[in-house]
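Enquirer: Residue numbers (my numbering), protein chains in the order written: chain A, 11 to 193; chain B, 11 to 193.
For the record, the hints were derived by calculation from the structure and aren't laboratory data.
You may find that some hints are simply not true.
It does not matter which identical chain is meant; a pair holds if it fits inside one copy or across any two.
[Stated by the list, open to error] Subject to a maximum C-alpha distance of 27 Å in a straight line, what follows is the list of computed DSSO-like cross-link-like pairs (lysine-lysine):
#1 Lys113 / Lys15
#2 Lys113 / Lys187
#3 Lys166 / Lys187
#4 Lys113 / Lys82
#5 Lys20 / Lys82
There are 2 protein chains.
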Amino acid sequence: MVAMKRARRKFPLSRVYGLLEPGPVVLLATARKGRPNVMAMSWLTMMEFEPPLVGCVVSGRNYSFELLRASKACVIAIPTADIAEKVVAVGNVSGRRTDKFAKFGLTALPASLVAAPLVAECYANLECRVADTRFVNRYNFFVLEVVAAWVDPAVKSPRTLHHRGWGEFAVPGRTLKLASGKA
Amino acid sequence: MVAMKRARRKFPLSRVYGLLEPGPVVLLATARKGRPNVMAMSWLTMMEFEPPLVGCVVSGRNYSFELLRASKACVIAIPTADIAEKVVAVGNVSGRRTDKFAKFGLTALPASLVAAPLVAECYANLECRVADTRFVNRYNFFVLEVVAAWVDPAVKSPRTLHHRGWGEFAVPGRTLKLASGKA
Chain A
11 MVAMKRARRK FPLSRVYGLL EPGPVVLLAT ARKGRPNVMA MSWLTMMEFE PPLVGCVVSG
71 RNYSFELLRA SKACVIAIPT ADIAEKVVAV GNVSGRRTDK FAKFGLTALP ASLVAAPLVA
131 ECYANLECRV ADTRFVNRYN FFVLEVVAAW VDPAVKSPRT LHHRGWGEFA VPGRTLKLAS
191 GKA
Chain B
11 MVAMKRARRK FPLSRVYGLL EPGPVVLLAT ARKGRPNVMA MSWLTMMEFE PPLVGCVVSG
71 RNYSFELLRA SKACVIAIPT ADIAEKVVAV GNVSGRRTDK FAKFGLTALP ASLVAAPLVA
131 ECYANLECRV ADTRFVNRYN FFVLEVVAAW VDPAVKSPRT LHHRGWGEFA VPGRTLKLAS
191 GKA
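Same shape as in the complex, but just chain A (with noise of 0.2 Å):
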């Protein structure tokens, strides 16, 4: 399963809240002594603009909540429908005895200010810092502030995969636009 790695431009923080408000699945890479991690995810959302604040539920059986614990940064990677396949493998095999990345054909590059690797295949990757804990022991739910974001500037209309349950995705078809006084 060979992909193609994506190229890499710095995107504004303003504007990293249009990427994750159309609800896209995203991979959550992590890292542990050097030796890095992915899931699968889809709940998430935006909760600030500038600085980009998200909010998201890693499951406590999931091996990447410990390490976001422990590390308090991840990167929030975004694929599109082309890696769909290696997308719902990462989301189907635990990381805590298996090298994912390896397993599956993903590449781990180094991030710019956190220990958590970029994913090279997805379009879009969103380095985080943890910033709010106090949700973590009711519901698994974690507060990131996103510190710096890097995207593919060939990709215009990402085909991202929205999560229907059971391995269903709605990929974008149309798209509309319309007069909108707002963000």
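Take the given structure of chain A and dock chain B to it, following the hints.
Expert: Quick look at chain B alone, frame taken from chain A:
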């Protein structure tokens, strides 16, 4: 602007996540003294499967913020592309001095368990009670519990709206079905 009123069948709470997880723009309906209000919202996420918990950000500048905080109830109504113009219109006007249901040709119907109204033109309606307000002061973030759900059974692949910012919306096109062992 006349739009179709949808059929409405009771929907199992255990499957609600499949409606919100793909990240659609929703309408948030509230009420004060029998007068309904409605806003557009994209900043929300599932937080638990069952009972379904939903986290959402409602700006303190919105009239709906006051109504949600005071009434502790709302309806999350999910629109489809056929009423995209109404959704944008609802999102661009405050309900403080305008009856947006009347102005934009939407129909408020009584809900079964909460005082907030259903929106007849939406294919899904989720009756919610506010379950946790501890993140409201800091993030305008409400945790809602879905207590009843209604869906138009005729809608199999809803053409939901996914906001990319400034009036641009992605609408689902193709559906991918991939083997997955997980919800």
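Enquirer: Are the hints correct? Go through all of them and say.
Expert: Now the hints, each set against the structure:
In this assembly of identical chains, Lys113 and Lys15 lie within 27 Å of each other by CA distance solely inside one copy; the values are 16 Å within and 49 Å between copies. Taking the shortest alpha-carbon separations for Lys113 and Lys187, only the inter-copy value of 22 Å comes in at or below 27 Å, while the best intra-copy value is 40 Å. When the C-alpha separation of Lys166 and Lys187 is checked against a cutoff of 27 Å, the pair qualifies both within a copy, at 14 Å, and between copies, at 24 Å. When the C-alpha separation of Lys113 and Lys82 is checked against a cutoff of 27 Å, the pair qualifies only within one copy, where the shortest distance is 25 Å, while the shortest distance between copies is 47 Å.
Taking identical chains as interchangeable, the C-alpha atoms of Lys20 and Lys82 lie at most 27 Å apart only when both belong to the same chain, with a minimum of 22 Å there against 41 Å between chains.
In summary, the structure agrees with every hint in the numbered list given earlier.
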